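Spelled out from the first residue to the last, the chains are:
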Amino acid sequence: EDKVVQSPLSLVVHEGDTVTLNCSYEVTNFRSLLWYKQEKKAPTFLFMLTSSGIEKKSGRLSSILDKKELFSILNITATQTGDSAVYLCAVRRNQGGKLIFGQGTELSVKP
Amino acid sequence: DTAVSQTPKYLVTQMGNDKSIKCEQNLGHDTMYWYKQDSKKFLKIMFSYNNKELIINETVPNRFSPKSPDKAHLNLHINSLELGDSAVYFCASSNLGQGAHEQYFGPGTRLTVT
Chain S
-17 EDKVVQSPLS LVVHEGDTVT LNCSYEVTNF RSLLWYKQEK KAPTFLFMLT
33 SSGIEKKSGR LSSILDKKEL FSILNITATQ TGDSAVYLCA VRRNQGGKLI
83 FGQGTELSVK P
Chain L
327 DTAVSQTPKY LVTQMGNDKS IKCEQNLGHD TMYWYKQDSK KFLKIMFSYN
377 NKELIINETV PNRFSPKSPD KAHLNLHINS LELGDSAVYF CASSNLGQGA
427 HEQYFGPGTR LTVT
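Going line by line, the protein sequences match chains S and L.
If you're matching positions, the first sequence starts at -17 in my numbering and goes up one per residue.
If you're matching positions, the second sequence starts at 327 in my numbering and goes up one per residue.
Since the hints were derived computationally from the structure, they do not count as laboratory data.
Do not rely on the hints blindly, as some may be mistaken.
Unchecked claim - Only pairs whose alpha carbons sit at most 25 Å apart, straight line, appear in this in silico DMTMM-like list of lysine to aspartate or glutamate:
#1 S/Lys50 with L/Asp344
#2 L/Lys348 with S/Glu(-17)
#3 S/Lys23 with L/Glu408
#4 S/Lys23 with L/Asp356
#5 S/Lys19 with L/Asp356
#6 L/Lys362 with S/Asp(-16)
#7 L/Lys370 with S/Glu21
#8 L/Lys370 with S/Asp65
#9 S/Lys22 with L/Asp364
#10 L/Lys362 with S/Glu21
#11 S/Lys(-15) with L/Glu350
#12 L/Lys362 with S/Glu88
#13 S/Lys23 with L/Glu384
#14 L/Lys366 with S/Asp(-16)
#15 L/Lys370 with S/Asp(-16)
#16 L/Lys378 with S/Asp65
#17 L/Lys367 with S/Glu(-17)
#18 S/Lys38 with L/Glu428
#19 S/Lys19 with L/Glu408
#20 S/Lys49 with S/Glu37
#21 S/Lys(-15) with L/Asp411
#22 L/Lys362 with S/Glu(-17)
Claimed, not checked - Beyond 12 Å from chain L on every Cβ pair, some chain S residues (computed):
#23 Asp(-1)
#24 Gln20
#25 Lys23
#26 Pro93
Model, not experiment: these values are computed from the prediction.
Note that CB positions come from ideal geometry on N, CA and C, so glycine has one too.
With the rest of the complex left out, here is chain S:
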């Protein structure tokens, strides 16, 4: 059965810290892996990764995919209180377009 597992499930850090969030997957017919940030409302798109070893970067956030070891990491440097959210990892298969989500990592950044 397709599975996406995120770790840790929750994390508390202080402003300025660097965090690494993990996502491992076992999904047949993999097409892409996506990261979303969810605050109080809808998940908002962060990154989509399709190729191994190519880092995607946006400001203080970056992500990379390892298709051989079946995992991805999301890094956030110099964290701010506004980074507090649930970070969701999802994998898309080739057929149908549905996203298979992990259980999320709840990040809390303290001032």
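Let chain S serve as the given structure and place chain L on it in line with the hints.
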């Protein structure tokens, strides 16, 4: 100018009632989805429509019936509501063709069944 919108945002109703949630996207996407997010924040696909055709129908009670009148709209009707239906329901849209396309989510509808 909202990309994916849902109505209502909040819905409180009693067990046994029938209710509908509406979703509209103005992104020109050809595929729309319904996801359910439970109290533990776990998001799970329910249905997907591509060009008004049902392409994903996960193991969902048949009290849930999606309807897509056109590519830009996907509604969810729920009959005989049960306590366990309480959750946040998210609509999303994307394109389904070649290449990898991200999904954009609506603001969610928080359904509370009492």
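Okay, the hints, checked on the actual structure:
| no. | hint | result |
| --- | --- | --- |
| 1 | S/Lys50 with L/Asp344 | violated (47 Å) |
| 2 | L/Lys348 with S/Glu(-17) | violated (31 Å) |
| 3 | S/Lys23 with L/Glu408 | holds (24 Å) |
| 4 | S/Lys23 with L/Asp356 | holds (24 Å) |
| 5 | S/Lys19 with L/Asp356 | holds (24 Å) |
| 6 | L/Lys362 with S/Asp(-16) | holds (18 Å) |
| 7 | L/Lys370 with S/Glu21 | holds (18 Å) |
| 8 | L/Lys370 with S/Asp65 | holds (24 Å) |
| 9 | S/Lys22 with L/Asp364 | holds (14 Å) |
| 10 | L/Lys362 with S/Glu21 | holds (16 Å) |
| 11 | S/Lys(-15) with L/Glu350 | violated (30 Å) |
| 12 | L/Lys362 with S/Glu88 | holds (18 Å) |
| 13 | S/Lys23 with L/Glu384 | holds (24 Å) |
| 14 | L/Lys366 with S/Asp(-16) | holds (19 Å) |
| 15 | L/Lys370 with S/Asp(-16) | holds (12 Å) |
| 16 | L/Lys378 with S/Asp65 | violated (37 Å) |
| 17 | L/Lys367 with S/Glu(-17) | holds (20 Å) |
| 18 | S/Lys38 with L/Glu428 | holds (14 Å) |
| 19 | S/Lys19 with L/Glu408 | violated (30 Å) |
| 20 | S/Lys49 with S/Glu37 | holds (13 Å) |
| 21 | S/Lys(-15) with L/Asp411 | holds (23 Å) |
| 22 | L/Lys362 with S/Glu(-17) | holds (19 Å) |
| 23 | Asp(-1) | holds (23 Å) |
| 24 | Gln20 | violated (8 Å) |
| 25 | Lys23 | violated (5 Å) |
| 26 | Pro93 | holds (24 Å) |
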